[in-house]
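J.: Chains as they are written, first to last, in my numbering: chain A, 1 to 132; chain B, 1001 to 1146; chain C, 2001 to 2220.
By construction, these hints were calculated from the structure, which means they are not laboratory data. As the structure is a computational prediction, the values presented were derived from the model and not from experiment. Some hints here could point you the wrong way.
Below, a sample of chain C positions facing chain A; criterion: calculated Cβ distance under 8 Å [what the hints assert, rightly or not]:
#: 1; residue: Ala2055
#: 2; residue: Asn2101
#: 3; residue: Asn2103
#: 4; residue: Leu2107
#: 5; residue: Glu2196
The following residues of chain A were derived to be distant from chain C, with all beta-carbon distances above 10 Å [claimed, not checked]:
#: 6; residue: Ala17
#: 7; residue: Leu18
#: 8; residue: Ser33
#: 9; residue: Ala34
#: 10; residue: Thr35
#: 11; residue: Val46
#: 12; residue: Gly62
#: 13; residue: Ile80
#: 14; residue: Met81
#: 15; residue: Asp101
#: 16; residue: Tyr108
#: 17; residue: Glu114
#: 18; residue: Met125
#: 19; residue: Leu126
#: 20; residue: Leu130
#: 21; residue: Thr131
Just so it is clear, CB atoms sit at the ideal spot from N, CA and C, and this is done for glycine as well.
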Amino acid sequence: MKVLIMGCGRVGSELAALLDAKGHQVTVLDVDSATFAKLPATFSGVALLSDGTDEDSLRAAGIEGMDAFVAVTREDNRNIMSAQIAKHIFNTPKVICRIYDPLREELYQSLDLEAITPTKILAQMLEERLTK
Amino acid sequence: MRFNNILVPIGGHKADEEAIELACKIAKGGKSKIYVLYIIQVKRALPLDAELEPEIRKAEEVLSHAEDIAEEQDYEIDTDILQAREIGPAIGDEVAERNIDLLLIGMNYKRHFGEFKLGDTVTYVLKNAPCRVFVLRQPLANQEEK
Amino acid sequence: MYIIIAGGEHIGYYLSKALLSEGHEVVVIDKEAKRIKRIEEELGSICLLGDSCEAGTLDEAGVERANLFIAVTERDEDNLVACQVAKHKFNVPRTIARINNPNNEVLFKKLGIDVTVSSTNLILEHIEEVVPTHPLTHLLAIQRGELAIVEVKIPPSSTVVGKRIGGLPSLAESTLALIIREGQKPQLPTLDTILEADDRVIVAIKPDQEEALCAALSCA
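Can you build the whole structure from these sequences, using the hints too?
T.: Put into structure tokens, the structure is as follows:
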């Protein structure tokens, strides 16, 4: 599978490493090249210094041939916008983004945008462990 | 010191009564005019001129109580109800419009999460009102804990 | 009308001032207390401190009774999300977003934002008036010269007059950004737009395709 990951923070770099280790073709984008240091030495994919919130930079990163796009930058709105570009402009088959704000996530689920809300998931996990 | 026009904004609290009483005492010496103003804060979910029956009824009660207090002091006051988005700026507008030279405002001793709080309205008028401002704070014994 | 403006920078400030003077009810939402203070000092209690992408803030602003929601922050992504929340969560009838990157116009439209205003296009409208009319006028180079914004005036003799844009394969390679028709508001072209004589079409195009475009639109 060819995957484009936007945001090479803790989650982005971890995901890139996992997918890479399983033999997938990974391209990871970030606006700060220092973040690429988080990728393991064995990483065989592509790390690109790029914004990712506009069509041109996504096209340049090769989104047109990708099977999946994941947006995990620190900012909800950047993730939401680039995920929608991937989904609606490039018709990328699988698009997932991270949205911290649970209310915003609810709205975008209803607009058919697949999103993960770490805030909500963590709170639920904590609650489960505490009340088990 | 003599004042022509005194404005007493009230909100239906205990502190208002003393503020009105004090305003009357100050006014007597110089035959000042006293305006007592009740401001209804209107949420943005409603238009500013929304007809807020229960709020208006409460305002009328509070103002009629204010008139009683003034009467006890043997002084006449003018009362008015105003609808606004923010209390402080609305008081500021009234000060300018009515040529107010003394703003007299009563406040409770309030604590919020354990800390003394001056409140947005008092802070605003102290900072922005062009005229003299008296703040009549209630004694500590009357403090409210929120 | 009740109008909510997201973003109290220069545009938000001047916009609110103009709308107030036209008698509209206006509220400006901004995250920066400093900007709010500046607006309130001059225009009164018309501001709300908060994040215009958050449902809670919009609720407090009374977004449910708003007739119009305008997002004019410096960031396209914030404008997009604010408008989407206003439109899809609170059903505001009309949303307008400012965009900085003209590429985003297509995306915003697709996602249901009613009107997008790109500063680039606005500047073009003004350039319009001073640029002499001939079939193709080169207006602006963007993306370091990889793309150009040009204006083509369609002569009455052109074969494209009366045709649907979607039915013209010769236009497939270019992005039609705006159609300016005498006496009408400039409109965003869609596939179903019918071209008329004397339409001025603003197109984003790769420089090497300019000639082909000019030929396609103006040939008799």
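J.: Once the shortest beta carbon distance from C/Leu2107 to chain A is found, is it less than 8 Å?
T.: 6 Å, holds
J.: Report holds if the minimum CB distance from A/Ala34 to chain C is greater than 10 Å, and violated otherwise.
T.: Holds, because the least Cβ-Cβ distance between A/Ala34 and chain C comes to about 22 Å, which exceeds 10 Å.
J.: Should the label of A/Leu126 as a non-interface residue stand, given a Cβ cut-off of 10 Å to chain C?
T.: At roughly 23 Å from the nearest Cβ of chain C, A/Leu126 sits farther out than 10 Å, so the non-interface label holds.
J.: Taking the closest pair, is the beta carbon of A/Met81 still more than 10 Å from chain C?
T.: 4 Å, violated
J.: Is the hint on C/Asn2103 kept, meaning its closest Cβ partner in chain A is under 8 Å away?
T.: For C/Asn2103, the interface hint holds, since the closest Cβ of chain A sits about 5 Å away, which is under 8 Å.
J.: With d taken as the least Cβ-Cβ distance between A/Gly62 and chain C, does d exceed 10 Å?
T.: Fine: 17 Å to the nearest Cβ keeps A/Gly62 off the interface.
J.: For A/Ala17, is the shortest beta carbon distance to chain C beyond 10 Å?
T.: Holds, since 27 Å exceeds 10 Å.
J.: Should the label of A/Met125 as a non-interface residue stand, given a Cβ cut-off of 10 Å to chain C?
T.: 24 Å, holds
J.: At a threshold of 8 Å, is the proposed contact between C/Ala2055 and chain A supported by beta-carbon distances?
T.: 5 Å, holds
J.: Run the C-beta distances from A/Thr35 to all of chain C and say if the shortest one exceeds 10 Å.
T.: Label holds. Min Cβ-Cβ 19 Å, cutoff 10 Å.
J.: Holds or violated: the hint that C/Glu2196 contacts chain A, with Cβ atoms closer than 8 Å.
T.: Violated - the Cβ of C/Glu2196 stays beyond 8 Å from chain A, reaching only about 29 Å at its closest.
J.: Against chain A, is C/Asn2101 within 8 Å by beta-carbon distance?
T.: 5 Å, holds
Comparing the model with each earlier hint shows violations of hints 5, 13, 14, 15, 16; every other hint is respected.
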